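Protein chains in written order, with my numbering: chain F, 1 to 373; chain E, 1 to 620; chain X, 1 to 198.
Hints may contain errors.
One side only, chain E facing chain X, incomplete, derived with CB under 10 Å [unchecked claim]: (1) Ala174; (2) Thr181; (3) Met186; (4) Leu210; (5) Pro215; (6) Asp236; (7) Gly239.
A few chain E residues that don't get close to chain F, going by computed Cβ distances all over 12 Å [as the list claims (entries may be wrong)]: (8) Trp21; (9) Gly48; (10) Arg417; (11) Glu497; (12) Pro517; (13) His519; (14) Glu528; (15) Phe533; (16) Ala597.
Hints listed in this document are in silico derivations from the structure and should not be mistaken for laboratory results. It should be emphasised that the depicted structure is a prediction, and the values quoted were computed from it without experimental measurement. The C-beta atom is built at its ideal place from N, Cα and C for all residues, glycine as well.
One-letter residues, chain by chain:
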Amino acid sequence: MPDPSEPRSTRRGVALVALTVLLALGAAACSTELPQNSLNPAGPEARKIDDLWWLVFWIAVVIFVLVESALIYAAFRFRRRRNSDDRVRQVHGNTRLEVLWTIIPVVILAIIAVPTLSTIFDLRREPGPEENALEINVIGHQWWWEFEYPEYGIETANELHIPEDRTVYLSLTSADVIHSFWVPQLNGKRDAVPGRVNHLTIIADEPGTYLGQCAEFCGLAHADMRHRVYAHTADDFDAWVAEQQEPAFEPQEGLAGQGWQIFEIVCTACHNVRGTSAQVTRTMTADDGGVTRGFAVSLAPDLTHFGSRTTFGGASFENTADHLRAWLANPADLKPMTPELNDPAEGRILGMPNFGLEADEIDALISLLETWQ
Amino acid sequence: MATLTAGTPALTEGPVRRGLWAWITTTDHKRIGILYGITAIFFFVVGGVEALLIRLQLATPNGEVLSADAYNQMFTMHATTMVFLVVMPLAAAFANYFLPLQLGARDVAFPRLNSLSYWIFFFGGMFLTVSFFVGGAPDGGWFGYAPLSTQVDEVVRMDYWALGLQILGVASIASSVNFITTVLTMRAPGMTLMRMPVFSWMTLVVAFLLLFSLPMVAVGLFQVFFDRNLGTLFFDAAGGGDPVLWQHLFWLFGHPEVYVLILPAMGIVSEVLPTFSRKPLFGRTFVIFSGIAIGFMGFGVWAHHMFTTGLGPVAEAAFALTTMFIAVPTGVKIFNWLGTIWGGSVRFNSSMLFALGFIALFVVGGLSGVTHSIVPADSQQHDSYYVVAHFHYVLFGGAIFGIFSGIYYWFPKVTGRLLGEVLGKWNFWLMFIGMNLTFAPMHMLGLNGMPRRTYRYGEGLGFDLWNLVATVGSLILAFGVLLFLVNAFRSYRRGAEAGPDPWDGRTLEWTTSSPPPEHNFDRVPTVEAEDDFWHRKYAEDAEGRAVPRTDVVEVADGPEEDIHLPSPSFYPVLSAFGMFVTLMGLVYVPWGIVASAAGIVITLWGLFGWSMEPLVKEGH
Amino acid sequence: MAADTVTTTEGHHPDPDVMRKTAMWAFLGSEVLFFGSLITTFLLYRTRIGDGPGPADIFDVPFTSISSFVLLMSSLTMVLAHHAAGRRDWRRMRVWLVATSLLGIVFLSGQAFEFTEFVHEGLTVSTSPFGSSFYLLTSFHGAHVAIGVLMLLATALMSWAGKLRPGEGMNVEAVGLYWHFVDIVWIVIFTVVYLLQV
Numbered sequence: 001m002p003d004p005s006e007p008r009s010t011r012r013g014v015a016l017v018a019l020t021v022l023l024a025l026g027a028a029a030c031s032t033e034l035p036q037n038s039l040n041p042a043g044p045e046a047r048k049i050d051d052l053w054w055l056v057f058w059i060a061v062v063i064f065v066l067v068e069s070a071l072i073y074a075a076f077r078f079r080r081r082r083n084s085d086d087r088v089r090q091v092h093g094n095t096r097l098e099v100l101w102t103i104i105p106v107v108i109l110a111i112i113a114v115p116t117l118s119t120i121f122d123l124r125r126e127p128g129p130e131e132n133a134l135e136i137n138v139i140g141h142q143w144w145w146e147f148e149y150p151e152y153g154i155e156t157a158n159e160l161h162i163p164e165d166r167t168v169y170l171s172l173t174s175a176d177v178i179h180s181f182w183v184p185q186l187n188g189k190r191d192a193v194p195g196r197v198n199h200l201t202i203i204a205d206e207p208g209t210y211l212g213q214c215a216e217f218c219g220l221a222h223a224d225m226r227h228r229v230y231a232h233t234a235d236d237f238d239a240w241v242a243e244q245q246e247p248a249f250e251p252q253e254g255l256a257g258q259g260w261q262i263f264e265i266v267c268t269a270c271h272n273v274r275g276t277s278a279q280v281t282r283t284m285t286a287d288d289g290g291v292t293r294g295f296a297v298s299l300a301p302d303l304t305h306f307g308s309r310t311t312f313g314g315a316s317f318e319n320t321a322d323h324l325r326a327w328l329a330n331p332a333d334l335k336p337m338t339p340e341l342n343d344p345a346e347g348r349i350l351g352m353p354n355f356g357l358e359a360d361e362i363d364a365l366i367s368l369l370e371t372w373q
Numbered sequence: 001m002a003t004l005t006a007g008t009p010a011l012t013e014g015p016v017r018r019g020l021w022a023w024i025t026t027t028d029h030k031r032i033g034i035l036y037g038i039t040a041i042f043f044f045v046v047g048g049v050e051a052l053l054i055r056l057q058l059a060t061p062n063g064e065v066l067s068a069d070a071y072n073q074m075f076t077m078h079a080t081t082m083v084f085l086v087v088m089p090l091a092a093a094f095a096n097y098f099l100p101l102q103l104g105a106r107d108v109a110f111p112r113l114n115s116l117s118y119w120i121f122f123f124g125g126m127f128l129t130v131s132f133f134v135g136g137a138p139d140g141g142w143f144g145y146a147p148l149s150t151q152v153d154e155v156v157r158m159d160y161w162a163l164g165l166q167i168l169g170v171a172s173i174a175s176s177v178n179f180i181t182t183v184l185t186m187r188a189p190g191m192t193l194m195r196m197p198v199f200s201w202m203t204l205v206v207a208f209l210l211l212f213s214l215p216m217v218a219v220g221l222f223q224v225f226f227d228r229n230l231g232t233l234f235f236d237a238a239g240g241g242d243p244v245l246w247q248h249l250f251w252l253f254g255h256p257e258v259y260v261l262i263l264p265a266m267g268i269v270s271e272v273l274p275t276f277s278r279k280p281l282f283g284r285t286f287v288i289f290s291g292i293a294i295g296f297m298g299f300g301v302w303a304h305h306m307f308t309t310g311l312g313p314v315a316e317a318a319f320a321l322t323t324m325f326i327a328v329p330t331g332v333k334i335f336n337w338l339g340t341i342w343g344g345s346v347r348f349n350s351s352m353l354f355a356l357g358f359i360a361l362f363v364v365g366g367l368s369g370v371t372h373s374i375v376p377a378d379s380q381q382h383d384s385y386y387v388v389a390h391f392h393y394v395l396f397g398g399a400i401f402g403i404f405s406g407i408y409y410w411f412p413k414v415t416g417r418l419l420g421e422v423l424g425k426w427n428f429w430l431m432f433i434g435m436n437l438t439f440a441p442m443h444m445l446g447l448n449g450m451p452r453r454t455y456r457y458g459e460g461l462g463f464d465l466w467n468l469v470a471t472v473g474s475l476i477l478a479f480g481v482l483l484f485l486v487n488a489f490r491s492y493r494r495g496a497e498a499g500p501d502p503w504d505g506r507t508l509e510w511t512t513s514s515p516p517p518e519h520n521f522d523r524v525p526t527v528e529a530e531d532d533f534w535h536r537k538y539a540e541d542a543e544g545r546a547v548p549r550t551d552v553v554e555v556a557d558g559p560e561e562d563i564h565l566p567s568p569s570f571y572p573v574l575s576a577f578g579m580f581v582t583l584m585g586l587v588y589v590p591w592g593i594v595a596s597a598a599g600i601v602i603t604l605w606g607l608f609g610w611s612m613e614p615l616v617k618e619g620h
Numbered sequence: 001m002a003a004d005t006v007t008t009t010e011g012h013h014p015d016p017d018v019m020r021k022t023a024m025w026a027f028l029g030s031e032v033l034f035f036g037s038l039i040t041t042f043l044l045y046r047t048r049i050g051d052g053p054g055p056a057d058i059f060d061v062p063f064t065s066i067s068s069f070v071l072l073m074s075s076l077t078m079v080l081a082h083h084a085a086g087r088r089d090w091r092r093m094r095v096w097l098v099a100t101s102l103l104g105i106v107f108l109s110g111q112a113f114e115f116t117e118f119v120h121e122g123l124t125v126s127t128s129p130f131g132s133s134f135y136l137l138t139s140f141h142g143a144h145v146a147i148g149v150l151m152l153l154a155t156a157l158m159s160w161a162g163k164l165r166p167g168e169g170m171n172v173e174a175v176g177l178y179w180h181f182v183d184i185v186w187i188v189i190f191t192v193v194y195l196l197q198v
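With the rest of the complex left out, here is chain F (with noise of 0.2 Å):
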């Protein structure tokens, strides 16, 4: 049998020592402030989990020095010498010392346990009439979201904006497969599962913006599902409501207007444009706790308001002419998609088709689009 070498177990050292290394340039990086990241809490929900998991972790922490310590202190003093006889005690337990490694771990976990379960129904309580909560309706779909605000008759996709300080109670469902509604800094995740109704409260502290995106499992373009939130003050929110609320309209006359003589052929089949002719809706129903809920849900995203809205396509693309160009020449380039699939009798929409827009069409849409401001 080798003897045991001393580099090696050196080197071993070593290992743990770059490991709590990279552990600690780890803890350096919650800091910093990263836009979807989940330490850094910008609202009172996701921050009760934040301390929640602080806690936690500073125990888990401590739990992990002692443990790893202990192994190699063990392994180091214990090992072989040169020369040894080899004749150890055998020592087959200790009764006492392995109940009470037992109980320890017990009481821990109990004392976990208690901020867990009361934290558990904190974040789960439907707000009362006095907070005066939003309630918006949040539709997942392959691949983006549909948010109405039922309040206002209003409806945006991805980019969800709420006023700062206000509980906002969202109502999630899904139109075909489970998404997953998540913006870190505002709190957990929650699901959109088809056929039900799941809720989740966010509020901002301050007004700004706030990335997300689906964190479920969704199929080709899950990576592209992205949304983000805007908090802004209660001024600001209600002018942004007061200009959502107005209707679109049909231009006649320049670009604009043969643009919305091709929107008018090409685009109605699935799009939404409040104050139009473009009016497609499928309803259908989910269960919101023992309650039957119905939805009118679009097949495609509204764009009664597009021009105002910083990004398309899932959050994912900026919205510029050059990204719209791109996209209009053909959506499946920039955002993978399956839109030969679809079947708008089924309710099955699996992305924007390629419609061979020639370039002088693609110009006359954009500038239609960025009319609707």
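Fit chains E and X to the supplied structure of chain F, relying on the hints for placement.
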């Protein structure tokens, strides 16, 4: 019947059979174990290549190595391969080879059923892999969440997955029944249950876990397959079905499955640590009972995979508690392993390094597992890279490191030669460093908001650095695995002769030659203690220290006797092949029905021939 | 052979019949979970009938009661077959095995008739979750009965051909365990599906 000559028991078998046909028709548990092992290592390479492609794609933002479609196939098949075609069959390889040897038996209870299990696994693996070449592999995730998995064929290709998992389940149930019967009826005289080696114990627990968990996912898989192909409405919300039912059925299997993957590794480590510390396993009874406790509690924690599904706070609180408390028996094992090393004479060979590495890494995975029970925190971690980091610490740092420890430990018994120590240590350190570089950064990625199963990520999200580190780590890891393959190949050809007992072992497999004869033991051993072989070699002095025995121990081993070994049989492989043809046909309904019918005929032919064929043929 | 040497190696030459019985018990344990999952699915979905017919519209309880009775009787004939095997009365054992399988076939015919009726009345696998789960549960039970019939006939055939040697192949006891299990499961299914229509 042959006459006895002194020292050489009469065999009803002829000389050792050679050649491909002998391997295909073998009913020898040791050969079947080797077949499991080699097939699983092959799939380990396949799954590893899939993993590397995933890592290359994610090395930089907006990677272009793989398309979204190819990426979805890769992660679906990487998980499916590693779980069902690598870790489970590697554990089955050890269980096949060493369960009878550790129990002092000549074979498993049903040798031909054992062969059938292997061949179903083999064809099941081929069935899944062949999908890559006939229009694309499954791409709906290994967990196949409905209704994504029940969307039409052009959207997700999940028929190969639903049928492949089903048939692999059949193989696992058959071998579970086999192992349970082997343990309950074939132990050597004196081998009471509590004297059974811990690896054999964990194999028994795993067999029960599979036996009771697989049928639930089997029902779910039938429902997925019928929703896809017959128009049933199990998971169709518009038609009144409930997608969440699938999640329950899947995780009622899926969580016990986690313990199916890790318990064999825990069993291996519980053999390796005592051997190389030259001390008995500390608190052996505690370790065994905590394994059983994990088995039972494993059925009560499934919904912690569903904390974001919307179960309601009461259910979430209940499953948070059960999840926390399953950590207790797991923690107990870790402390007992530490207690085993403590005060021992620790040898740092490759097997031991992997066992120590197992503990070091499993602690990380165990602790991050506890953070999942904190439901609010889990709502951030769930389906993020944090979870990917967690279960790779458990399944790579845990299961794979444990299995590698077992390979270095038992390779000499199987081949008669030691695995090289120099390459072995390079193998360990590269895998250890590579593994940590790959998976530790994923904790950060997940907490920073990177979801799983995304084929690309944009710039400016802060995901760049850690993804690059992880990809570099995965290359180091892959190099470590490559060194293992080189080492195994070289050692098999010109490794040092091992002899029957190279490690001064403690359990019965070390009492017989390396490799063992076809009949395992010339005389059936009689067991008088835990770690019986150790006690035949060592006594304890007044202070309880181990001293070599000078006296010859009188053991009442069984007499020399005629040994009836099961004859080779062609029917198991034929039956399994029939099932393969049946499945291939089912993927292509309706016209494939013809092939399915042919497959069923072949299967029935195999089973009929089997039932008419005597286990031990006359004239041998 | 080794019966005389067993004294020192007790337990090492286990009785093959005991091994097969152990294996069958283990397998049936697994089957409990299989049918448990099917029954749970049915219970979850039995009120989800959509626009299709519900349980009260289509079930013919007297008819199914009779076919259930036939299946129950087959447990009796199975006991008689096992009893005959115990007395090594192979001829009678074969008679009872065939009788058992015939009763099983009668039950299966009843199920086939029933399914045809239900389809005519508008309940198919894609009518409603109730329909999907009803057919899944009862047809999987039917498949178990069919496999049981094959096993019974194969056992009778092997006995007739003189291939049913003790210690090899299937034995009557293991087949009997399986058959009784399938019967008991039917009692549960009959109660849950047909009788509990409230």
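Outcome of the hint check:
{"no.": "1", "hint": "Ala174", "verdict": "holds, 9 Å"}
{"no.": "2", "hint": "Thr181", "verdict": "holds, 5 Å"}
{"no.": "3", "hint": "Met186", "verdict": "holds, 6 Å"}
{"no.": "4", "hint": "Leu210", "verdict": "holds, 9 Å"}
{"no.": "5", "hint": "Pro215", "verdict": "holds, 4 Å"}
{"no.": "6", "hint": "Asp236", "verdict": "holds, 8 Å"}
{"no.": "7", "hint": "Gly239", "verdict": "holds, 7 Å"}
{"no.": "8", "hint": "Trp21", "verdict": "holds, 40 Å"}
{"no.": "9", "hint": "Gly48", "verdict": "holds, 22 Å"}
{"no.": "10", "hint": "Arg417", "verdict": "holds, 16 Å"}
{"no.": "11", "hint": "Glu497", "verdict": "holds, 15 Å"}
{"no.": "12", "hint": "Pro517", "verdict": "holds, 26 Å"}
{"no.": "13", "hint": "His519", "verdict": "holds, 30 Å"}
{"no.": "14", "hint": "Glu528", "verdict": "holds, 16 Å"}
{"no.": "15", "hint": "Phe533", "verdict": "holds, 14 Å"}
{"no.": "16", "hint": "Ala597", "verdict": "holds, 31 Å"}
Figure legend: structure checked against the earlier numbered hints; every hint is met.
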